[in-house]
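Asker: Sequence:
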Amino acid sequence: MPLEKILEKIIHDSDKEIRKIIDEAESRASQIIEEGKREAERVVGELTREGIENARKGGERIVTLASLESRKRILGEKQRILGEVYQEVEKRIRNLNGRDYRKLVNRIMLESCQSGEELVVVGKNDRKRINQELINSVNAELVKAGKKGKLKLSPEPASIPDGFILKSGKIEISNSWENILRSLREKTEEEVIKLLFT
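Residue numbers for the sequence shown follow the working numbering, so the first one is 1 and each next one is one higher.
FYI, nobody ran anything at the bench for these hints, they're computed from the structure. Mixed in with the good hints, there may be bad ones.
Think about it this way: if two alpha-carbon atoms lie no more than 30 Å apart in a straight line, the pair counts; the simulated DSSO-like pairs of lysine-lysine are [claimed, not checked]:
(1) Lys150 <-> Lys167
(2) Lys152 <-> Lys128
(3) Lys148 <-> Lys72
(4) Lys78 <-> Lys194
(5) Lys103 <-> Lys170
(6) Lys194 <-> Lys91
(7) Lys167 <-> Lys124
(8) Lys128 <-> Lys148
(9) Lys103 <-> Lys57
(10) Lys103 <-> Lys128
(11) Lys103 <-> Lys72
(12) Lys91 <-> Lys103
(13) Lys150 <-> Lys170
(14) Lys194 <-> Lys167
(15) Lys144 <-> Lys128
(16) Lys103 <-> Lys148
(17) Lys147 <-> Lys170
(18) Lys147 <-> Lys103
(19) Lys144 <-> Lys187
(20) Lys103 <-> Lys187
(21) Lys103 <-> Lys152
(22) Lys103 <-> Lys144
(23) Lys78 <-> Lys152
(24) Lys152 <-> Lys124
(25) Lys147 <-> Lys187
(26) Lys167 <-> Lys91
(27) Lys150 <-> Lys124
(28) Lys124 <-> Lys103
(29) Lys128 <-> Lys170
(30) Lys194 <-> Lys103
(31) Lys124 <-> Lys187
(32) Lys194 <-> Lys124
(33) Lys91 <-> Lys78
(34) Lys167 <-> Lys128
(35) Lys187 <-> Lys167
(36) Lys91 <-> Lys187
Okay, the calculated beta carbon distance ranges per label pair [as the list claims (entries may be wrong)]:
(37) Glu190 <-> Gly98: 26 to 36 Å
(38) Lys91 <-> Pro155: 46 to 56 Å
(39) Glu117 <-> Leu82: 36 to 46 Å
(40) Asn95 <-> Leu119: 25 to 35 Å
A virtual CB, placed ideally from N, CA and C, is assigned to each residue, including glycine.
Turn these sequences into a full structure, and let the hints steer you where they fit.
Answerer: Shown next as structure tokens:
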């Protein structure tokens, strides 16, 4: 075989081999590109799902926080309104006219007396309203109730601004308006809440 033919055959075989290598490379490249696309789609899908889940959780957190904040504000507003109700009660008690005030103090004193021989120590602001005449009236009612009607009015004022303290030996029962109103609130708050907010 002449040299030219040999060279031609080598070139032809080389071209064929090169074409085969190129075809295989292109095929492999296409395969790698397809795998890359599939992997990219998988990763994008996964990240999208994670993103959606995170957004959903974030949204739920925001809704939960907003709900908590809303409930907190509503509770705060309810507490404010409740406080105003009891402040109004206190204001009305403190501003009762003489007759109504005396009736209220009379009732509280009757309920608080244990023996009927206590010393009544009056708060500084109530010394004119809780006087000997009121004590005499309470003593008369204590006797009717079968107790000793021997309450005595202390000449010294109590260390409370208003209301009174009943003393019997070492026992003291404080009936300051602050204590009475606190007790009233404890007893009635649940019912007042139902009336106001249901």
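Asker: Of the hints given before, which are not true for this structure?
Answerer: 3, 9, 11, 14, 23, 32, 38
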